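Colleague: Please model the complete structure; the sequences and the hints are all you need to start from.
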Amino acid sequence: MTALDANKQRLLMKLLRERATAVEVPRISPVPPGTAVPLNPPQAGIWFSCRQYPDSSEYSIPDLQVMEGALDHSTLRAAVAELMARHDILRVRMFERDGVPMQQDCGPVEPPVTWHDLRHLPADEAAARATEISNRAAQRPIPLDEPCFFTIIGFALPGERTMLATNFHHLVADGLSREQVVRELHALLAGRTLDPPPPVGFLDYVAWERENTDEAKVQRDLAYWTHNLSGHLPVLDLPRDHPRPARASRAASTVPFTIPGLLLTRLQRLAADDGVTVFVVVLAAYKLFLARMTGQRDILVGVPLAGRDQEVAESMVGCFVRSVPLRTDLSGDPTFREVVRRVHEAFLEAHDHQAVPYARVVAELGLPRLSGVHQVFQTIVTLQHPIGGSSRAAEKSVALNTNAMPVDLALIMHPDGDAISGIVLYSADLFDRGTALRFAGVLERLLAAAAERPDARASELPLLSQAERERVLQGLNRDVRPDVAYRTLAQPFEEQVRRAPDAIAVRGAEGQFSYAELNARANRLAWFLRDTGVGPGNVVALCLSPGVDQTVALLAAAKVGAPYVTLDPEEGRLGAMLDGAAPAAVIVDGSTAGRVPAGPWQVCSFAEPGQWAGAPADDLPVEATGYDLLCLRYAAHATDRPAAIAYPVEGALAELAQLQHDHPLGAGDVALLATPEDCFWPLSQGATVALAPPAVHRDPRRLADHVGAYGVTTLSVVPSMVPDVAGFPGDLVAGYGPAETGQVTDQGRPAGHRALYVLDEALAPVPIGVVGELYVGGEIGLARGYHRRPALTAHRFVADPFAAPGARMFRTGELCRHREDGVLEHLGPIDRQVRIHGLRVEPAEIEAAFTDQDGVSRTVVTAAPDGGLAAFVVPDGERELSGRRLVDGAAARLPEYLMPATVTVVEQIPRRGSGEIDVAALLDLRDRDTEADRTDAPETELEARLVGIFCRVLRRDSVSVTESFFNMGGHSLLVFKLIEDCASEFGLKPSVLDVFTGPTVRALAATLGAMRPAVGVDPLVSLVEHPGAPLVVFVHAASGSVLPFYQVAKRLGREFAVYALQSPPDVPPASIEEIAARYVDEVDAVRGVAPVVVAGWSMGGAVALEMARRWLHRNERVAATLLLDTWAPPAFMSAAADAARVRASVLALDVLRLEGADATPATQAELAETVERNRAAFLDYRPEYYPAEVDLLRASDPLPADAPPFPAGYMDGDRGWSAVAAEVTTVEIKGNHLSLFDQEHADQLAAAISSAIARRMGYEEI
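Numbered as in numbering that gives the first Met the number 0, the sequence shown ends at 1261 without a single skipped number.
Check the hints yourself; a few may be wrong.
[Claimed, not checked] Taking lysine-lysine pairs in the DSS-like style, the calculated list, with each CA pair at most 30 Å apart, reads: (1) 988 <-> 1049; (2) 1229 <-> 988; (3) 1229 <-> 1049; (4) 988 <-> 976; (5) 976 <-> 1049.
Simulated from the structure, these hints should not be mistaken for lab results.
Everything numeric in this text was worked out from a predicted model, so none of it was measured.
Modeller: Below, the structure written as structure tokens:
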């Protein structure tokens, strides 16, 4: 016997154990006919998602097949009917009972088959028409409130060909079930007899499985998953084109993906060598693709498993599939074979532990629910099986457009001859088509490389094609060595002195100095330094107060070729910096001399100018070379031990040339610069340098004053000041420059003498759009290293593998990515990335959601120590800002998980001395500020009532109004209970998505507060869902509102599906007949084959009668027509005097009392407009004869005493309706016209309506 590897041994032992412990096939008893059975766990998860996104077709499984041979409608219908008789799941209806989704066999149901005869069209046009119709049908969500969760469309084509479009909802069929049903359909259409159906139905199996759960096995599996998914769960951070929206649309699109035959053969050979399936090999490559594209190494992918644990289920049609998360650690740069092994191990373990429902695992882990982000995995991989068939099986399948999905990215594949075909399904919210095509290309390239070199390290497998590699390394860089004739930065200045000696070089508080005067002062100091032994290679430290002396000292150091280092006299680490720089001389002035400690350096002071007063004023001979150092710059990131960056002259000269090329300066320009050493650029071009104290550069108002006073044409500021100067006239140029690469490395595109690389951990270039670390190459422009710090230099300055031998590049520690157009985006330092709930957060997205609001000048968002986000908002001018208004405005744009925990309004953003934002000071302001929105108590009556609902649903004594429903123990089934309780309490029904996107009391209160039940978006409102049951449709009174019907609807909901019609907000119909025509169309869209009862209150009775007449005219009988205390319209009355009196009384009646006294003034105004419009339609209505039965439910009590009087007898009897209808049955009910639907009368009114319906429907059945 040959040796087995560990995985094969494991599988063999598992099979032997199962055979040794085999038990009899379970006896599954059928459930009684009509029994409602809870959905199984996979179905329940799908149901919840469908309720959350009711307009999405993400759980539809569409397919379009071309078949040889003619077919007719009756044959197709008969075959589908036989399939429905075989499989109970194909004839179920689904509904909720006490918040629990249920399914029930409806018995014989009309097959959902549609037929189109396209034989009259040319063949190509017929096929295109069939595909178009099928695509439209596939993109419409399959209704949840009707039986038969599938559709079949047949197309008769020219040439005796047929196309069949099938679309199954995942609630009733997984992939294997769909294949079985379609295979059986083909067999029936071919005239073959099918094998006997499964001995038990799907509903029988679900009921048995629910009662026979192996709880011990479930607990073992639960323990496995809670351990496997413990700790921080990564959220897939693929490069996106768009930020996540506040509400995910679930919209999706596809691009093709193919594994050609030759590559598939190599992958099959690799799979055989490693004892795995091809699917595992592809899955391993996909996981590696995700790791390389995201930089993450903890990778979670969802994979569907068949879920058919019992043999009896193997031939059963239904939803069994279970999606399990496969978590794989890809750290350590493993070989591809090792990746395959790790993925295979995870796959086997997941298969062994699939007994526990996924929802139970999620509940046990207590994972946060984030709108639009899957709780555990954000990508899915599946390999579907082809549909086998008969002689009439499909000749080929036509791809249909898939337009929705619940995750960010999915790879869906199926065998296709000797290849594998498929699609990459991507979220249209996040990705553009070009990005998805790039994803598919990278994956195909990675698969090919892995098949060729399976023992290569993961980092060695290329992601880029040769053309793509050349583009990101060479095409996007301009690495051109500048042609510079100078050897020091003093030389171009001296040329300007000779050209225009009297031109103004420097202007400031100390006065102004010409080029000749400035040059003479610098020359005297330079000769003095040279005479004391300072020259190339000797460091000169400048510890000076801001002013013209700094400029003189900088020029003097450049003239002698000595590298300078500028030191802040206020710097606490001054001694350490001097020790590190080891200068030969330190230049000071009267205010700084006392701060410089003694050391092995000579001190030269501007307070004693006599030291060099007698030195020559002539230029010095040039002894330095471009390779010599210009300066030492202390890095901004240096901490306890300062690191001085050694920067060469040739790099600075190249930088000056690039600046002058991109932003030319001339003799008429004035430059106000952020740092003193920036003076070399304007002085090399004959411009004037304007000097200002450092405080000016941190104060926008003072800076603006200086710009105006000096006539500044070029201004440089530190990055934190950019928002404050963005409104200044002129062009705004963003610069980026770690000191190790010079002062300015252009953002977006590199300077001509530099190369910018975006690389991964292995120093390999990453694809366009992928985030990597920025490296700066191009030998001219790089610092020499860190002065006297060889180890640090070796760590940050590394060999450039893309340039000539010996070339170096600088590791910046910054995250960047290339856009499609080649522009480089900077995403901030690696060590300052912000993550919330595992998602990388880009603060700029959040800041824009606040800054774009009226009255906001700027916003800063930062991570808070408690793990949340904190926003700080600066008002625009003197305008006061409300934290709540800011939050509401941002919430409309941002997902809930990106909303800052606190929003603090501040007068200005505090900064450090360097100009950087002082985050610690900001957080201190937040902690002291009273406007930070952190209150846990309800602030409105609506919030207080919602707190009661949350406590009742969650079974808690108290809740915070800012805590998430899901963080307090809420889950998917409790969401339905929460929604129903809101409907009962307020008559307002938030959607599942409303709860997901705003899961706190405060957010849900805002959602409910924005609802206007008096004027809704859609005329037809579902009050109680009861799929398959008769429909009761209430028609509004003159108020146009559905609110009065809620209490009665709840009581009728045990027997009926209850809807109500409300006045539409768009251009309204002008007459009762027009209103009825529109409402008939609304009801027809949902009624299906269920009986319909129409019940109108007050003027709504007239509309109901007109609706019934229209249905009757179309030979569509109405089960019952109910007039709920409806008066006869005066236009119908024969006595003119009585008609005039009724008209006057109707006009005087205070109909707005129907809405109560709580409406806002705006809502009152809308209601008044609706009332007048509807009342006018009622007063002009002249009903025609209705040849059917009508029930009048008449209020027994008179109107309130303050109501206008009506003619005697007008309210009695059948109110004249017997002259309109063939038969009128009158029943008295408690209450008056205005109080009929009050809660105290709801039970009696519901009973009277039920009795009237039973009477009419019972008569029809006889």
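Colleague: Work down the list of hints and note, for each, if the structure agrees.
Modeller: Hints, one by one, checked against the model:
1. Proposed proximity of residue 988 and residue 1049 is supported: the alpha carbons are some 13 Å apart, at most 30 Å.
2. For the suggested pair residue 1229 and residue 988, the alpha carbons sit about 28 Å apart, so the restraint of at most 30 Å is met.
3. For the suggested pair residue 1229 and residue 1049, the alpha carbons sit about 19 Å apart, so the restraint of at most 30 Å is met.
4. As the CA atoms of residue 988 and residue 976 are separated by approximately 11 Å, the hinted pair is consistent with the 30 Å bound.
5. A hinted pair counts as satisfied when its Cα atoms are at most 30 Å apart, and residue 976 with residue 1049 qualifies at roughly 14 Å.
Of the hints listed earlier, there is not a single one the structure fails to meet.
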